[in-house]
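Each chain, letter by letter, is given below.
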Amino acid sequence: MAAERVSTAAAGAAAAAAERAARASYGRLVALLAARSGDLALAEDALSAAFEQALVNWPADGVPRNPDGWLLTVARNRQRDVWRSPAERSRAPLDDLAEVAVSPLDDMDPDVDPGGIPDRRLELLLVCAHPAIDAAARTPLMLQAVLGIEAARIARAFAVPPAAMAQRLVRAKRRIRDARIPFVVPGREALAERLPAVLEAVYGCHVLERPGSGLEGEAQYLAVLLASLVPHEPEAWALAALVTLSSSRRRPDGPYVPLDEQDPRDWDRALIAEGESYLRRSSSLSPSGALGRFRLEAAIQAVHCARARTGTTDWPALLTLYRALVLVAPSLGAHVALAGVVGRLEGPAAGLSALEPLVGRPGVDMFQPYWATRAHLLAAAGRREEAVVAYDTAIALTDDDTVRTYLRGVRG
Amino acid sequence: MRYTLLLHYPEMTVESLGAEAMEEGQRAFRSYASALDAAGVLLSAEVLQPSVSTTTVRLVDGSLQVQDGPFADTKEQLGGTFVIDVPDLDAALGWAAKAPSVAWGAVEVRPGSVFYGDGAWRPNA
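If you're matching them up, the sequences are chains A and B in order.
Per this note's numbering, residue 222 is the first one in the first sequence, and the count goes up by one each step.
Per this note's numbering, residue -15 is the first one in the second sequence, and the count goes up by one each step.
Any given hint could turn out to be false.
To give a feel for the contact side, a few chain A residues facing chain B, derived at Cβ under 7 angstroms [unchecked claim]: (1) 356; (2) 400; (3) 401; (4) 402.
It should be emphasised that the hints constitute simulated quantities derived from the structure, not laboratory data.
Where a beta carbon is used, it is the ideal one built from N, C-alpha and C, also for glycine.
Just chain A, with the same shape it has in the complex (with noise of 0.2 angstroms):
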């Protein structure tokens, strides 16, 4: 009985050593793995048995000293054995085969890390976002090949049928790996043409990342790794600014809420500043340069998350942005927004006016918050049955049960 009490509780020691790695290391170890050969698949696979080895042996031998190396090694194993297995002997490049004879922990450079790992995660991140992949391969492979999440959940996030998003993820690291797209961080100039795509698949797993999408908390993981790596960049700390203020938003149950009716002792203070302070540094790193978009964005959540300290929303500072923000980046969000700003400072039927342009532009039909937007100024302006119609398109257009279910609501 004490024995088994014993071996019981160092499997649960193993097993959350071996969860603790996986959550820490996951894209560290894939980065590395996969940056020689470029064979990502190959790479999550050889992770991947070396976590199930862990599961074996960690619970028996005790845990590793050194448990990323551990797995690492194990890894590298798997991975030679696969180059030379006969199906590979013939592709697998005879330099790799070679390299794999030493061992794998000469790939550790204490004076690079302290940790021994040395990270490629920058390098796996532009490989995820390069211009030779499919942009909409891009936020799952991030999501996959970094953060460890399986083709099913993605899926699920991306409301795509599991199969359809397995096959989007294994084209993907097949392209990276046969037509040879390099692990490498370029110079300076190449990296800033590169990094708006990759700044850009991290905000599309932001925008994704609804209560109950199962992806709650990871784009902010994905954007304050990203700006770590690029430590110099504003727009990458005003990316992690902007995540991590809309999640100190977040509401896990309940109804939905819109943002000026919350209460913001729902809000996650400690996330507030951790997001204002990511802010701050964004702009200590260009003072006087353009604004960029992520800034303007970050800027906008700061200003409503100021109210948990000043118990009101700055509107007119809120104006100045989205005006910025249109001109920097004219989405279709932003002009929605700035038109719901507008309504609320000049009234609605400059709110209305503000609407008026986006009559015909590409997509706006489709565009539920242009459609809840509408509805909600048209209803401001006494216009009730031209609410009652806007509603509907909007009610129609909603993916959300909580939201449809709050639009039903105010459309009486």
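Once you have looked at the hints, place chain B on chain A.
Leaving out everything else, chain B in the frame of chain A:
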């Protein structure tokens, strides 16, 4: 790693283009090829005659069909190929971007699979 750069562009003649522009294009291709050569990455380069000179051979229902004209009758035609040997896709894309014809057409960058040499097919690596 071997990549083939496939240069697609609308076909032009000396008449439609003017002798001077044609000369200018040829000069640009000369210096592009020399640059590839000087970098030690050029394996072969070929600029093709216009598709009016091309003939396509097909087997249709078991019988050989020889037809004048290109495989696909499109506005942009394959106009030339460069086979280069570079470390990775980024390097290949870099050379593709320098091809003179990007100014007037698309450059497709296709990784090689196997190539024939010294009496055998060899994997591209």
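Open item on the list: Hint by hint, where does the structure go against what was stated? Just the numbers, ascending.
Closed with: 1
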